[in-house]
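Engineer: Given next are the chains, with one letter for each unit.
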Amino acid sequence: MHLILFLFFGGICVAGAVNLLLQRHPINSALSLVVVMASLAGEYLLLGAEFLSAIQVIVYAGAIMVLFIFTIMLLNAGEEERSGGSHIALLVGVPGVVIGSVLVAWVLLRHSDTGSVSMFALPGYPHDIAQLLFHDFLLPFEVTSILILIAIMGAVVLASKPESIAERHEESEKKEVPELVGAGRDRR
Amino acid sequence: MNILTFAIISIVKSVAVVFVLLTAVAYSVWLERKVSARIQNRWGPTKVGPFGLLQPLADGIKFIFKEDLTQPYVYKTLYIASPIIAVVFAITAISVIPFGGEISLGPLGKTYLQITDLNIGLLVVLGITSMGVYGIALAGWSSNSKYSLLGGLRASAQMISYEVSLGLSLIPVMILAGSFSLRHIVEAQAHKHWNLFFFPLGTIAFFVYLISAYAETNRTPFDLPEAESELVAGYHTEYSAMKFAMFFMAEYANMVTVACLSTLLFFGGWNGPVFSDNAIIIAIMPVVWFCLKVFFFMFLYVWVRWTLPRFRYDQLMAFGWKFLLPVAIANLVLTALFVALKPGVWLAN
Amino acid sequence: MIPLYYYLILSGILFVCGVLGFLIKRNIITIFMSIELMLNGVNLSFVAFAAHWHALSGQIFVFFVMVVAAAEAAVGLAIIIAVYRTRETLNVDQVNLLKL
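Chains as they are written, first to last, in the working numbering: chain A, 1 to 188; chain B, 1 to 349; chain C, 1 to 100.
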């Protein structure tokens with residue numbers, strides 16, 4: 001039962017990951033990545049991490065990927081064209097990654113006697129996670145909140161139009177001179 | 001009970017709940033038309049059946065027979081998939097909503113009046129509503145038209161902005177109950193009083209939740225993305241017949257989910273006086289109370305829609321980020337503080 | 001009961017697909033999505049090891065990885081928008097001058 005469910009979610013995961021590589025339009029890649037994240041949430045549930053699977057759906061699939069899809073829609077990204085660079089990348093990249101993955105798989109299979117995990121092996125109840133998060137991991141928690149604040153400020157500054165700051169200075173300087181003239185004229 | 005009995009009972013519950021939900025969606029359209037008509041001093045549907053009660057049936061038949069235009073320049077797969085995505089996620093959220101207490105099925109055992117009682121029920125509902133944004137964003141983009149793209153982008157930006165204050169307004173409820181499970185939250189309210197009356201923090205949480213939920217479901221006063229006079233019809237401009245009906249159904253199913261959540265989290269769910277000792281009445285009365293409260297929230301939705309004018313888009317976003325979010329955060333901090341200082345007064349156990 | 005290395009192989013496949021996407025794709029946004037795929041693969045191996053050693057810290061680590069990924073996605077997409085504004089292209093081969 002555990003094996004069937006693992007293969008089901010794992011199959012969807014791998015299919016989504018491969019589809020991300022094969023598709024040429026970025027919106028199709030983004031949607032296959034959403035499928036990968038949703039199936040990973042299923043895998044986390046199989047291992048008992050229920051809180052984490054809910055957070056995976058809410059944060060990754062429901063917020064980060066929506067951001068990606070927004071960007072693709074706003075920038076009107078079209079299909080990829082074949083160019084010189086992409087041919088070289090295919091020639092060098094695919095064999096390189098195949099060699100790397102064979103190496104990783106060989107190392108993993110050498111250590112294949114590490115043991116097994118059962119279904120719902122480690123129940124990740126919100127209560128237990130909160131105990132750990134707010135007692136042992138309090139400092140990383142506070143630091144990540146500052147990290148998010150910095151990320152928000154950085155994103156706002158980077159994405160705002162560069163002329164708008166200079167424009168605002170010019171406008172505020174131009175306004176002062178005509179106002180004095182107009183006010184002086186009206187009083188006579 | 002063994003696994004086969006459990007599976008059969010779950011399937012029966014799922015089918016029954018989905019059927020009731022779809023009927024509720026159809027009749028909420030009727031409710032909207034009747035109440036909006038009365039607010040505007042006219043009759044509303046009266047011809048088809050008594051009080052126009054068969055009007056949704058007539059509308060359904062009309063939608064099936066309408067011509068299904070398919071524009072040549074749309075992104076075909078996403079164009080057809082978007083209404084399906086919207087409807088699927090809107091209907092899935094009902095699976096963790098409890099309608100009543102525990103009933104006993106004689107020799108088969110006991111079962112909850114709920115499709116499934118998860119430890120993380122509240123998070124599941126939040127997750128499913130986050131995924132509902134995809135239906136709208138992809139519909140706007142795949143229609144390959146200026147109005148649709150703008151409407152889709154505006155609607156999804158509005159939805160993800162108000163998701164933040166929605167989630168934050170629900171955390172005080174979770175603190176007061178001590179669990180994410182919707183059943184435990186309602187039972188905690190049975191021990192004390194409705195979460196609405198935890199003055200003032202529960203009341204503030206209720207209003208923040210209600211406003212954020214109105215913005216989440218794209219209902220007035222936050223319905224600029226689909227307003228007829230502004231953007232033709234927003235993200236569903238290019239849709240006709242059954243696909244448009246699916247978007248319609250998704251919106252009303254989201255409204256029903258929000259109404260159910262409001263009663264569960266703030267109005268005590270199915271708690272209410274049971275006037276008898278008969279076992280059947282003890283099982284049915286909570287469901288009746290639940291339905292009455294949900295009906296009140298649907299009526300509130302329609303009432304607010306036809307009373308208030310709609311926000312402009314920049315006013316809408318400013319309101320969500322600059323007012324509602326700080327209020328939700330302050331409410332959360334104060335609730336946590338009060339519960340930490342005086343647990344006996346605030347907590348149920 | 002399934003062996004631990006099944007989960008590790010799945011995580012490895014996801015990571016390798018992410019690396020491959022990073023190397024062969026030419027669209028900036030797709031490259032960025034491959035980075036997210038790599039992070040997800042690593043998350044899966046964290047949770048698998050947490051289940052194996054019965055240590056809940058593994059799940060807490062996944063929490064932090066998610067937070068960092070969210071912050072990085074926000075800033076990265078802002079950079080992509082800024083690059084698009086000046087270069088008018090999303091093809092990574094054409095963004096080859098250090099001067100913007």
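Hints are not guaranteed to be accurate.
Said to hold, decoys possible - Restricting the straight-line Cα-Cα distance to at most 25 Å, the calculated cross-link-like pairs of lysine-lysine (DSS-like) are:
(1) B:K34 with B:K62
(2) A:K161 with B:K47
(3) A:K161 with C:K99
(4) A:K161 with B:K62
Simulated from the structure, these hints should not be mistaken for lab results.
Engineer: Checking against the hints above, which ones are violated?
Structural biologist: 2 and 4
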